[in-house]
Each structure stands twice: as C-alpha cells, then as structure tokens.
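Trainee: Make a model of the complete structure from these sequences and hints.
If you're matching them up, the sequences are chains L and H in order. Quick note: the first sequence, position 217, residue 217 per the numbering used here, numbers continuous. Quick note: the second sequence, position 162, residue 415 per the numbering used here, numbers continuous.
Quick caveat, the hints were computed from the structure, so don't treat them as lab data. Certain hints may be false.
[Said to hold, decoys possible] Heads up, simulated SDA-like pairs for lysine to any residue below, C-alpha to C-alpha not over 25 Å straight-line:
{"no.": "1", "chain 1": "H", "residue 1": "LYS367", "chain 2": "H", "residue 2": "GLU355"}
{"no.": "2", "chain 1": "H", "residue 1": "LYS362", "chain 2": "L", "residue 2": "LEU41"}
{"no.": "3", "chain 1": "H", "residue 1": "LYS272", "chain 2": "L", "residue 2": "GLU224"}
{"no.": "4", "chain 1": "H", "residue 1": "LYS362", "chain 2": "L", "residue 2": "GLU224"}
Only a predicted model underlies this, so the values are computations on that prediction, with no experimental measurement involved.
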Amino acid sequence: MKRRLPGLAERFLREMGRFGLTLWRVLVWTPRAPYDWRQLLHQIVVVGINSMPVVLLTAMFTGMVLALQTFNVLVRVNAESFVASLVSLSMVRELAPVIGSLMIAGRCGSAMGAELGTMRVTEQIDALEVLATDPIHYLMVPRVWATTITLPLLIVMADVIGIAGGYLIAVVLMGANPVTYMHRTYQYMDLRDLFSGLIKAAVFGLLIATIGCQKGFYTTGGAEGVGQATTRAVVLASISILIADFFLTKVLF
Amino acid sequence: MAERPKILLRGVCKSFGEKVVLDHLDLDIAEGESMVIVGGSGTGKSVLLKHIIGLLRPDAGTIEVDGVDISTLGYREITTFRRRFGMSFQEGALFDSMTVWENVAFPLKRASPKTAPEIAERVAECLHLVRLQGAERKYPSELSGGMRRRVGFARAIALEPDILLFDEPDTGLDPVIKALIDELIVDMRKSLGSTTVTITHDMRSAFRIADRVGMLFQGKIIALAAPAEFERIADPRVQQFLQGRATGPLTD
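Mentor: Right under this line is the structure:
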C-alpha cells in the first residue's frame, strides 16, 4: 500500500513541482530560435503600458495614505519631520513593489490564466503543437519575460508617484516645509533600497506570469475549468508574492 | 501484405485513471487510403486520432507512421515529424487573436523556408481550395461554424501534408454544409494525394468520404469494411449504430 502525504502538504509539493517544471521549460526554450520579438513587444504593451493607470493610481493613494497615517502618529512624538523619510523608504523598499505586483497579479496573471485556459479547452494549444510549434515556446516564453522585464520599470514609476502622493499630502494638506520634506525624502535613502525593491518586482513578475501561464496551460474541463484556472492563478500568484516578499526582504534586507 | 501500411497501430492501450479508452487496438491504414472511424460519442475516437499524431502517448503498444514508431520519438523529433501531418480539429481550433489569413499563414511562417510572397501565394491557394476567398481579413469570431471548419482545413493543408486527420469535421452543421464539407475533404485528398483519417458519428458522411469504414467500440475496432460491405455486416452492434436505435447491444 502506498502511503499518502496529508492533503495540504501534498498539494503544496505538487504546486511547487509544477511551478519548477514550468519555469524550467520556459528557461530551456528561451534561447531557441525563432525569436518572436513581436509577441514579446505585444506582451510588454499589454503588461506594461496597459497596466500603468491602475498601478500608478494605486501607488499614488498608497503614498498619500502613508503620509496621512505616519504624520498623525509621528506628530504625537514630535517627529513629524521624518514623515518624508518614512514614506520614501517604505514606498521604494516595500509598498510599491508589493502592492503594484498584487495589482498586476489581479490584472495580468488572471488574463494569462483565462487566455491560455481558453486556448487549451478550444484545442488551440493542441493545434499549435500539430503546426510544429511548441506552445511553451510560443505562448509562455514571451509572457514570462515581458512581465519580468516590465514590472521593475512599472515599479520605478510607482515609486516616483507614491513619493509625490506623500509630498502632496504632507506639504499641501499638513503644511510641512517643502524644502525639508524633499531633503528628508532622500536623506536616508540608499541606491540599495531602490534596487532591492526592483529585484523584488522582477521576481514577482516572474512568479505572476509563470503561475498564470501554468494554470491556464493545464486547464481541464470547459468554461468552468477556465474560471477555476483564472481564480487559482490570481490566488496562488498573490500568496506567492507575499511569501516571496518575506524571504527576499530577509535576504536583501 | 505486399505494401507496408502508411499508419500501423498494434496493441495500443490507453487509460485515463480507471477509464480504459483504447484496449489493445489494432489498425492498418494504407498509403493514399481514406479511412473513416465511426463510433458513439465518448468512445475514444478523438483519443485515437491524437495518438496517431503523437499528441497523446499510448500506455502500451506501438504506432508506426512510415515505418517509424512515433511513441519512441523524443520531444523535438516528434515536433519535426509532425510536419508531414495536417490536422483539423472539432471546432476548428482557429487562433482567435489572428485573422483568417494569419491563421492559414501561421504554419508556413513557422515551419517552411518560404519567402513572404510565396507564403501569400500558398495562403491564397489554400483558401481557394476551401472556397473561402475574400474572408482573409475576418477574425474567427466573425465566421459561421462551417466557415471556421473550412479555415481549419486550409490551415491543415498549408504545408502540403502526407497525412490528413479530420476530427469530427461536420459535427453541428446543417445537412447542406455537411455535404459541402464532405465534398471538400474528397477534393483535398485528390489534390494532395494524401492519406486521410476522418472521425465522425455521421454514417452518411462516412459513406461519402471513406474507402474503408471502421467502427470503434469499447476501445477496439469491432468492424472494418468498405462502405458497401459495411452496411451488410451482421454484427448487432454495427446494425444498431447504422439504424440509430436507442436500444441494443451498444447501450446495454
């Protein structure tokens, strides 16, 4: 008799295995010709340009709320002059990458799951294989790389907008000194803070696209299956982002 | 047997979980022959077709195409090997992000050394053969079921394959379009000289297209004959299918 692992552990290991296998296949196929630059560019537009409004809006409000909250707390200990440093460091190191990536997981991870899932159930993926085209090469490689490349670029913009949002609240609404505020924004920031956030963003991008594509690619069972694949893509990508965030913060400090 | 069959299946078995779909199935298909496989829904006809083209691998048994056992081929070898196949899928399986023209040009761009003008010429030829000139710029969502099937045909024949596979080419179409589709299959076969395997549950279509008809039931080919003889097979399972009766050995 086979001994079975408890349900949750088994599921966790299976998901990890699938993720690893999918990522491995994407990496193996990446250097192989033909290179589909048009697809890559198309995906960069879909993930990057089309997600700009939602990511930037989220970053803006996050920066604003952060300034509002920290100001109200720090004023109690007469440390309101540090609002700027707090906003900028939190945005760059943590909030912009994580919140921005969660938005992208909801927007693009789900779309990838649904698109590839539909292609699977309508036999379009089988058709690709029959037409001597590897579906992983054709569908996954451009999506994974486009998301991995684009996310850090988006997050740089989100950093700027988030800090601007904080500035707006602190200076305009709370009457902070604009010159001190700008000075404090950069005073304690290191290039390393910026890079740690961008490395996080790239890793999250890789996670979102790989999970989204994998869930869609192995969809079974019609319209309901596509719905499930989409849901799972978003849920799993979001959880992975938060877990990976912890470990990356530990490593990159 | 004087000539080696183009496609040869021996003892092919396939199960999904507990469900046995193909059970020691044997089948020979000769060069240039038009084989039609009939059988009820869910009897594994599509699964059989997907084995021939290597989309599914058998649990046991061998599948030889041109004397090559395709179940032993590696992943990249089978991708190259598939260039000699053309396959039309149940609902067409057109790429819905591409126009009709792009769909038909897709295999040519991916797997042939043709230049852009040569590709354009071949696409026009294929669309002419399925009588769909003028629909080049339409998207699959703008086409009727029959037209979608025909674009699927055009895409399948673009690389001038040796072997053509049709998965339920006329399911869900009206009788007139069905007749047209059957006619197209016969035409395409003539102009390409290819071996074809068609799957259907429509006996009328089967008799129009086939050199030989095989019936699949419980994972095996239970009857195999030329259309004229097929009708006279006494097997009660065949007779029930031919007459479309609800009760009989197939449904018990």
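Trainee: Each hint should be assessed against the structure and marked as holding or not.
Mentor: The hints, checked one at a time:
Taking the CA atoms of LYS367 of chain H and GLU355 of chain H, the gap is about 15 Å. The hint holds against a cut of 25 Å. Our distance criterion of 25 Å between C-alpha atoms is met by LYS362 of chain H and LEU41 of chain L, whose separation comes to about 19 Å. With a C-alpha separation of about 22 Å, the suggested pair LYS272 of chain H and GLU224 of chain L falls inside the 25 Å cut-off, and the hint holds. Note on LYS362 of chain H and GLU224 of chain L: the hinted pairing is violated, with a Cα-Cα distance of about 34 Å set against a maximum of 25 Å.
When the structure is compared with the earlier hints, a violation turns up for hint 4 alone.
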